[in-house]
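K.L.:
Here the protein sequences come in this chain order: A and B. Going by the numbering used here, the first sequence opens with residue 1, and the numbers climb by one from there. Going by the numbering used here, the second sequence opens with residue 1, and the numbers climb by one from there.
Just so you know, these hints were derived from the structure itself, not from any lab. The C-beta atom is built at its ideal place from N, Cα and C for all residues, glycine as well.
Derived lysine-lysine pairs resembling DSS-like cross-links, with alpha carbons at most 25 angstroms apart:
hint	chain 1	residue 1	chain 2	residue 2
1	B	K541	A	K91
2	A	K91	B	K536
3	B	K304	B	K168
4	B	K541	A	K105
5	B	K548	A	K105
6	B	K6	B	K54
7	B	K462	B	K449
From the derived model, a few chain A residues whose C-beta atoms are all more than 12 angstroms from chain B:
hint	residue
8	K39
9	S64
10	K76
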Amino acid sequence: MASLLDAPKPRISCSMLSQYISRAVCFVGRVEKVHPTGKTFTVSDGEGKTATIEMNEPLEEELSGIVEVIGMVSNKGVIMSTTYHILQEDKGIPFDLELYNEALKVIHDFSQYYPFEVAASG
Amino acid sequence: ILNIRKLDGGNGPPRFRVMMSDGRHTLSSFMLSTQLNHMAEENTLTPNCICILKRHVTNILKDGRRVVIILEIDVIKAAKDVAGRIGDPTPYAEGQSKGPQSAPVPENRPPLQPQNRNEVNRGLSREFGKKAPSVMPNTPGGSSKVVPIASLNPYQSKWTIRARVTNKSAIRTWSNSRGDGKLFSMELVDESGEIRVTGFNQEVDKFYSLIEAGKVYYISRGSLKIANKQYTSVKNDYEMTLNGESTVIPCEDSCDVPMVQCDFVSIGDLENRDKDAIVDVIGVCKSVDDITRLTTKSNREVSKRTLGLMDMSGKVVTVTLWGEEAEKFDGSGQPVVAIKGAKLSDFGGRSLSASFSSTLMINPDIPEAYKLRGWYDKEGHAIDGQSLTEVKGGSGGGNTNWKSLADVKTEHLGHGDKADYFTCVASIVFLRKENCLYQACPSQDCNKKVVDQQNGMFRCEKCDKEFPNFKYRLILSVSDSVSVHPENYIYQNKCNVQPLQVGVMHNLFSFTFIFRSCPLTWIKATVMDVKPVDHKDYSRKLIMNIRKLAANH
Chain A
1 MASLLDAPKP
11 RISCSMLSQY
21 ISRAVCFVGR
31 VEKVHPTGKT
41 FTVSDGEGKT
51 ATIEMNEPLE
61 EELSGIVEVI
71 GMVSNKGVIM
81 STTYHILQED
91 KGIPFDLELY
101 NEALKVIHDF
111 SQYYPFEVAA
121 SG
Chain B
1 ILNIRKLDGG
11 NGPPRFRVMM
21 SDGRHTLSSF
31 MLSTQLNHMA
41 EENTLTPNCI
51 CILKRHVTNI
61 LKDGRRVVII
71 LEIDVIKAAK
81 DVAGRIGDPT
91 PYAEGQSKGP
101 QSAPVPENRP
111 PLQPQNRNEV
121 NRGLSREFGK
131 KAPSVMPNTP
141 GGSSKVVPIA
151 SLNPYQSKWT
161 IRARVTNKSA
171 IRTWSNSRGD
181 GKLFSMELVD
191 ESGEIRVTGF
201 NQEVDKFYSL
211 IEAGKVYYIS
221 RGSLKIANKQ
231 YTSVKNDYEM
241 TLNGESTVIP
251 CEDSCDVPMV
261 QCDFVSIGDL
271 ENRDKDAIVD
281 VIGVCKSVDD
291 ITRLTTKSNR
301 EVSKRTLGLM
311 DMSGKVVTVT
321 LWGEEAEKFD
331 GSGQPVVAIK
341 GAKLSDFGGR
351 SLSASFSSTL
361 MINPDIPEAY
371 KLRGWYDKEG
381 HAIDGQSLTE
391 VKGGSGGGNT
401 NWKSLADVKT
411 EHLGHGDKAD
421 YFTCVASIVF
431 LRKENCLYQA
441 CPSQDCNKKV
451 VDQQNGMFRC
461 EKCDKEFPNF
471 KYRLILSVSD
481 SVSVHPENYI
491 YQNKCNVQPL
501 QVGVMHNLFS
511 FTFIFRSCPL
521 TWIKATVMDV
531 KPVDHKDYSR
541 KLIMNIRKLA
551 ANH
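Produce the entire structure from the sequences given, and follow the hints as far as they go.
P.N.:
Right, dumping it as structure tokens:
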């Protein structure tokens, strides 16, 4: 797990989950529903699709707004989260999730110009 | 009908004055319109017949009395079938009539239709849509008929028009070797057209306070002359001057006189018009900026506000409002804005300014406004619009001319006759801390550092003059992601630079430049605007470019 965290994690959206099973990813989305146990919650991406996040430990705080989750995609398409952080939107500039999604698509469509993995290993 | 009296019309046809009763009141302020004279002459209309007043118009005389002109009336029961006067009507308070006359009160009579109440009269006249010119009501007392504005010419003096005042100017005074004077001007519009009117000296005293913009008046006997088209966009070969014989009488029945006459130019077409042209435009206010205050050369403070106007051509033009109009303007909800007589300038390419002789209308009640509203709500709101005015960059909505710094060299920006405007995102690479920002001479092309005289004045040695102000100049090296070598630029900041901003290095700023030609390797750019990068806007632009590039391959 530790090595997984060190390597750069591709940013993905819901539609790409199936391609990243058993891989570490970074997912940015808007918190939808938090399960009463606090161990799992759903997030929606810029395309409106939803993904489920499972936590190692139950959430200790109120989760809302935009979060960035780092974790591994299980074979059921659930992101087993190791860490997360909330993206602050209180500086007056709201996070544009749709725009983020557009950028994601560009990065994936032209991945040859965005060699993240190469940069990290160098 | 109680009574019909024939009045000799002098020069014209006889008029018949009618006294009507509705069983409760009498009113003798009814006049039969001349085309119905035959009804009286042939005894179709006789005292005691019962009729329905179908069409009429109400005029107000000079002394405030009301006259109802009967335009269409039907007899439903001839006088011979009626047993004399019905009811015991008393004269209506506002009318002039003879004293009440006693009469038998028969039962079971159909109620009479003619309305005596003047308020209802006005209501009826509202549905009184199109009338043929021959049915135009005669002006009270006068022998001239109402004619359309389009027919006015210098060769006829006895005319009356009925028109709405669309634009009344303030009183302006002058004083020269020949003496003093004052004048005011206004624009009139009716169904046929529009005309510009000026009143001088005594006419100012007579009419200025009487006339209100937006209201309709009967105006007669002004003098006509060839129009001076330089100052107005009013479409008429002639313009009118009020003189000693002119009369201006308020008209109550104004519903069918149009509110305004405009010949709108499509915003996309503005590029083809000459600068300094005076045009009428209409569009949706897509964006509006905050109000700013400037000090003019004569040290007056004036308010200014800019807004972006877009129409169905998909083009956007920046419109500048001044003074009170700027302060009062509310652009929320993307209103439809129409401007009559806006001045076109070549600032930033093409831009418009509302001057003191322009008329600004918000959501006017005209068909073009409704068309625009429908179009904008359906599709227009989604269009970004291509701006004809390249002044500010970076903010969403306007089209900005993005270039990289290297493009400046390769495209030889700034070497043409016109100034080139462009925007680029760059990072401040280098600043000489001590000398980067200094106070420079405010003269147009002089950039010499001024000496603070410590008395509120600043002295420029080169110009050999003192000034009460200065402009900030900033020397920076900027680099963008494309340039290999940081380029050296002299910047002259038109807006007030906050010295604090200078301290922030290595942040991306969006610079909007105007490039002027300069033979040296130093490229002189005037920074129009510096903002921290709007990341969203910039990201969108980048994504769009990437997609476009991909599509082209």
